[in-house]
Each structure stands twice: as structure tokens, then as C-alpha cells.
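Novice: Single-letter residue listing:
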Amino acid sequence: MPLLAVLNTYLAGQTGIALQLLVLGQTVEGNQQLADAHALPVIDDSDLRVSFASDIDTVPTLLQVDAEGNTSTELIGFVRSEWQALLSNLLGSDATEQLLDWTGLPEWRPGCGSLSVDPLIAQRLQAEADDSPLRARRVEVAIQDDEFEFMFDQGFSDGLPLVPPTPERVLRMLAGTRRDAQEVIALMPPNMGEVSVEKVAINAVMAGCRPEYLPVVLTAVEAVCTDAFNIHGVMATTMGASPVVVVNGPIRERIGMNMKLGALGQGNRANATIGRALRLVVRNLGGARPGGTERSTLGNPMKFTMCFAEWEERSPWSALHVERGFASEDSVVSVFTMTSGPTLIVDQDSRKAEQLAGSFGLCLENAFHPKSHFATDVLLVVCPEHVDTLIRDGYDKAEIRARIQQVTARPIEELAGDELSGVGFKPEAVAQMDAETLRRKLPKFRNPEDIHIVVAGSDAGKFSGAFHGWATGEIGSIPVSKKIEEVS
Amino acid sequence: MTTILDPTDERKPVHRDVTPRPPEISGTVALLDISKPRGSLLLDRLQQRLAERLPEVKTVRYSKPTFTKPAPDTLRQEILGNSDFVVEALAD
Numbered sequence: 001m002p003l004l005a006v007l008n009t010y011l012a013g014q015t016g017i018a019l020q021l022l023v024l025g026q027t028v029e030g031n032q033q034l035a036d037a038h039a040l041p042v043i044d045d046s047d048l049r050v051s052f053a054s055d056i057d058t059v060p061t062l063l064q065v066d067a068e069g070n071t072s073t074e075l076i077g078f079v080r081s082e083w084q085a086l087l088s089n090l091l092g093s094d095a096t097e098q099l100l101d102w103t104g105l106p107e108w109r110p111g112c113g114s115l116s117v118d119p120l121i122a123q124r125l126q127a128e129a130d131d132s133p134l135r136a137r138r139v140e141v142a143i144q145d146d147e148f149e150f151m152f153d154q155g156f157s158d159g160l161p162l163v164p165p166t167p168e169r170v171l172r173m174l175a176g177t178r179r180d181a182q183e184v185i186a187l188m189p190p191n192m193g194e195v196s197v198e199k200v201a202i203n204a205v206m207a208g209c210r211p212e213y214l215p216v217v218l219t220a221v222e223a224v225c226t227d228a229f230n231i232h233g234v235m236a237t238t239m240g241a242s243p244v245v246v247v248n249g250p251i252r253e254r255i256g257m258n259m260k261l262g263a264l265g266q267g268n269r270a271n272a273t274i275g276r277a278l279r280l281v282v283r284n285l286g287g288a289r290p291g292g293t294e295r296s297t298l299g300n301p302m303k304f305t306m307c308f309a310e311w312e313e314r315s316p317w318s319a320l321h322v323e324r325g326f327a328s329e330d331s332v333v334s335v336f337t338m339t340s341g342p343t344l345i346v347d348q349d350s351r352k353a354e355q356l357a358g359s360f361g362l363c364l365e366n367a368f369h370p371k372s373h374f375a376t377d378v379l380l381v382v383c384p385e386h387v388d389t390l391i392r393d394g395y396d397k398a399e400i401r402a403r404i405q406q407v408t409a410r411p412i413e414e415l416a417g418d419e420l421s422g423v424g425f426k427p428e429a430v431a432q433m434d435a436e437t438l439r440r441k442l443p444k445f446r447n448p449e450d451i452h453i454v455v456a457g458s459d460a461g462k463f464s465g466a467f468h469g470w471a472t473g474e475i476g477s478i479p480v481s482k483k484i485e486e487v488s
Numbered sequence: 001m002t003t004i005l006d007p008t009d010e011r012k013p014v015h016r017d018v019t020p021r022p023p024e025i026s027g028t029v030a031l032l033d034i035s036k037p038r039g040s041l042l043l044d045r046l047q048q049r050l051a052e053r054l055p056e057v058k059t060v061r062y063s064k065p066t067f068t069k070p071a072p073d074t075l076r077q078e079i080l081g082n083s084d085f086v087v088e089a090l091a092d
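Residue numbers (this note's numbering), protein chains in the order written: chain A, 1 to 488; chain B, 1 to 92.
Looking at chain A on its own, in the form it has when it is part of the complex:
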């Protein structure tokens, strides 16, 4: 540094020499020091682009460059005689000797590795230089290692094998979206990790998605990362909650989602891997892992994946996304928080809509606990045969909801904690109520709109299903629907 400072001062006092000294520094703090302590003309290269483009391996490296940018001399590290010789050549030997006491400087110093060749950074710099969309850290799996075991060991997995997210596969996945790979689409709790399109693509590869599923996964990630949905609480709760993803609109057919036979089960790649990709993004970018911030008492298998499409064409009613304010031709992702289910509603006997909707109510009474009213919401999946029974009597969704509320309504005195079960209104609260209040009936759900209804399943079988919700409303999680913008 003394040499550079002396040289800088010398050059500033000379008018006849067309020589400019520029110092490139690789860290913001170091650059500040150079500027403050030695008044050197420092160019900030903390993003390392110049160092990388100039192939610098060692610092210090001294380059003599002409006006066209051609390098004529490159001195690596500090070899006193080399620096002396170069300056003698440029300034003359007398001026060089008079600059400072050269014998006070070490004869040789090897220098250090340049940050631009740090293995953790160099790959990113190479990708930027090549204009590649990939910026994620590259992890090399040693030839003796099994990459599947390696990914388990790194904690990337939900417990099942993952597809290795090689750069080639991730590039193919990114072809499924028009969005910029580096666009940050969300901050994922609990670690508030930045979720870029590229990171979602990596997790989508691992989950087994095809590129055309990526817009659905991206939209689902955006939907859960809202204050209304509250993915932080959904993951952290001891209750064992998890998102259910429902897809509506033309994209269902385009990517081959299952909405018919076995829609809520296994066997369809789009359903299975879209739900899994969402969960892997939550795990790997948010850091929600069982035993860490994910603290479910029992867990539930829907935490692996839960995604299906609504069979809109089989439904006589408005589809879920249309009810929630979108156009029928929009492709929309809706996310709902479930804690149980799908619990089966087995009714092969009711022939009237009133009876069948009554069965729905009787079965939904068990959500959380029969005595627990106004506590949760529900996603009711009505099967086609049940749809037929309901429409035969002209039932619309409002009538289904009203019937459920009607058959579940119980007087508050029956909803009080007692010797049979402590759940319900607390004795001290009940003691404050007058007789009229105690006889007042409360339906199962605070609002009829807390009963969300979709149609799915095969044409044969009188078995509907229900996902019971979690703490609903502002205190917990509110379902969120989001249009897949890039799909027309």
C-alpha cells in the first residue's frame, strides 16, 4: 500500500507522463480502507465482474493496460524486482529509485487467491458471464457418492427419493415459464428465504414435475406466502395442518390433471408432483422441517402432497374460482388449509337432496370435535352421484350450505364442556349466560361461506369427501385464490 500511495502521489505531481493508476478492490470494506487511509483511486469490484473478466487468480495482480485495453504486462503477487523493473521502464530508473526506499519492502510476497476464483462464487460469475439463467450454487456430488443418498443426507427430501436437479433438468423446467429466472416471487417463512423462479424450478425438478406444471407451482407458492394464508402458522402448528391445492380453469386439461376417478389419490403425475413441489419449496427455502419449526404432533400424509383439479364440467354450480371472483376461462390456484381428511361421507341411501345435504351436515359435525362450533372451515368435495341427487331437487350451493348449518345447529347448553367431554364452552362462561342465551342455537360454521364446495371423483360411487380446516379467519388461515397470470 505505501508503494501504491507514493506512486499515486508522484503521478499526480507529473504532467508529462500519460500514466494512470487505478486500484481495483474486491470487497466493499477493503475498498473503503484503501480510499480512506491511502487516498487511492479505488474502483469497486465487489461484484467481482472485472476480476472475473480479467482472469485474475491472485491478489495483488498488477496489469499494465494500454488505451485499447490490451494487457502488455501482468505481475502476479509482489516480486520487488519485477515491480521495480516495470516502473523503471515507465518512469525512468532515477525516478523509480527516488520514489521510496525499495530495500524497506519485502523481496517477494506470493499474494492470496482472488475472490473471483472462490469455488462458491466462481460458478455464479461464470453463469452471469455466459448470460445463463442459472444462478443457484452448484453442488458437485463426488463420483463415489450416490446422488440419491447424497440428497437424503443433505436434508433436501420429504422422505421419498428426489429427482437430481441437474443444471440441464432445471433449464428444461424453466422453459415452462416466461418469468425471469431470478425474479423473487415470495419470502418463505419461517426463515424468510428468498424464493426465486429458479429455486422453485429446482424444487419442481426434485418433486418430479414436468415443465408445463411450473406456472401452477409458482402461483401456489405465491398464494401460500400471503398474510391471509399464513403458511408460517400452517407449518408450525402442532395440529398437523397442510395446504390443499385446488386447480380450476383450462390449465387442468392442458397439463393432464386428474379431477375424476381417484382425483384425491395417487397415480396422476401432475396432481402428485405439483403438491409435492409446493411442500419441497416450503421445506427447502423456508426451512420448515419436522422437529424444527414444523411441530405437528402426529403429522399427516397430506404433508407429502395434496393437489387436485375440480371437475367443473360435471358440476351444475359455479366452479370454485368463479365463486371466488374469477372468470370461468381463467386458470386459478386455490389453497386451503386442512388438518384432517379427506374424511369420507358415506351415503348410499339418501334419495332426496334434503337427506343427502343432511348427511353432509351430520358428518361435518365431527370436524375438530362435535362440540367445537365456529372453530374451523371445510372443503367439501362432492362426488358426481351425490351431485345428481342434489340437482334432482334443484339444490344449489347456497341450499347445501344452509342445510348443513341447519342440521348442525345445537343449543349452546349442549355445546358446553361436561362430564362426557371437557370440550366446548367453559363452565365459567356458561355460568354467566341467561336461559335464552343457553337455548340459542349455533350452527357448525361461523359463516355459510366457510363451507367451500367443489366437484370431483368418478361417475360411480356415492362417497363425497371433506377436508376439515384449521383455525379459520384472521387468527389462523384464510383460503387464497390466485390466477395463473401467464396462462391465457
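Wrong hints could be hidden among the right ones.
With a straight-line cut-off of 27 Å between C-alpha atoms, the simulated DSS-like cross-links for lysine-lysine are [to be verified]:
#1 LYS260(A) - LYS352(A)
#2 LYS64(B) - LYS36(B)
#3 LYS69(B) - LYS483(A)
#4 LYS36(B) - LYS441(A)
#5 LYS483(A) - LYS397(A)
#6 LYS426(A) - LYS64(B)
#7 LYS36(B) - LYS426(A)
#8 LYS397(A) - LYS352(A)
#9 LYS69(B) - LYS371(A)
#10 LYS69(B) - LYS426(A)
#11 LYS260(A) - LYS397(A)
#12 LYS371(A) - LYS36(B)
#13 LYS462(A) - LYS397(A)
By construction, these hints were calculated from the structure, which means they are not laboratory data.
As the structure is a prediction and not an experimental result, all values here were calculated from the model.
For chain A, the structure is supplied; the task is to place chain B on it using the hints.
Specialist: Below, chain B without anything else, positioned relative to chain A:
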């Protein structure tokens, strides 16, 4: 050799040590109710015991709007600025 791309946010979590246990309780103790059922009962009892055993210690009650979400920043700052200790009650 297979190269894969890192699926995580590439940040190493910050390691935080537990604050050393102070030899005695003094100043102000914040009692934070996270709004789970009956958390307030636990804190009522604790506040009573603190008043009996450590009458010189001041206790201040706080509560989160909901147990399902992290405490709002303003609440955290308020507790940080006004308290020497915090007891957070999880209950059910």
C-alpha cells in the same frame, strides 16, 4: 461426477446462543400471552407468585393478537425497550 443445483436459500442460519442465565431477577418482567386458551391463567398465577416472592420486580402483561402468527414488530420492540426479562406462555 454429477452436478446438482442447491434447492435451499443458500443461507447458513445464524447461530444464536442462549443468553447467560442472570444471577437474579430484577427490573421489569414482561409476561407475554400468545393468546392460546388459558395462557392468561398461567400468567395470572405466575404474576401473583412473582409479586409475593419478588415484590421489587415490576411485571407488565402483553399479548399477541393470535398464536398462529409471529408477534408483530411493534410489540417485539415495545417488549424489548421496556423489559429486562420475558416469560412467554404457551398453554391449552
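Novice: All the hints need checking, so say for each whether the structure fits it.
Specialist: These are the hints, each one checked on the structure:
A C-alpha spacing of about 24 Å is found between LYS260(A) and LYS352(A), which places the hinted pair at or below 27 Å, so the restraint holds. For the proposed pair LYS64(B) and LYS36(B), the alpha carbon gap of about 9 Å is at most 27 Å, so the pair holds. Taking the CA atoms of LYS69(B) and LYS483(A), the gap is about 26 Å. The hint holds against a cut of 27 Å. With a C-alpha separation of about 26 Å, the suggested pairing of LYS36(B) with LYS441(A) holds against the 27 Å cut-off.
For the given pair, LYS483(A) sits about 23 Å from LYS397(A) by alpha-carbon distance, which is consistent with the 27 Å threshold. About 22 Å separates the Cα atoms of LYS426(A) and LYS64(B), which keeps this hinted pair within 27 Å; it holds. Among the hinted pairs, LYS36(B) with LYS426(A) is consistent with the structure: their alpha-carbon atoms are about 14 Å apart, no more than 27 Å. Simply put, LYS397(A) and LYS352(A) have alpha-carbon atoms about 15 Å apart, close enough for the 27 Å limit, and the pair holds.
Under the criterion of a C-alpha separation no larger than 27 Å, the hint pairing LYS69(B) with LYS371(A) is consistent with the structure, at around 26 Å. A distance of roughly 25 Å separates the Cα atoms of LYS69(B) and LYS426(A); the hinted pair therefore holds under the 27 Å criterion. Only pairs whose Cα atoms come within 27 Å are accepted, and LYS260(A) paired with LYS397(A) is accepted, the gap being roughly 20 Å. The straight-line distance between the Cα atoms of LYS371(A) and LYS36(B) is roughly 18 Å, inside the 27 Å bound, and the hint therefore holds.
Proximity of LYS462(A) to LYS397(A) is assessed by CA-CA distance (about 18 Å); at most 27 Å being required, the pair is judged to hold.
Taken one by one, the earlier hints all hold for this structure without exception.
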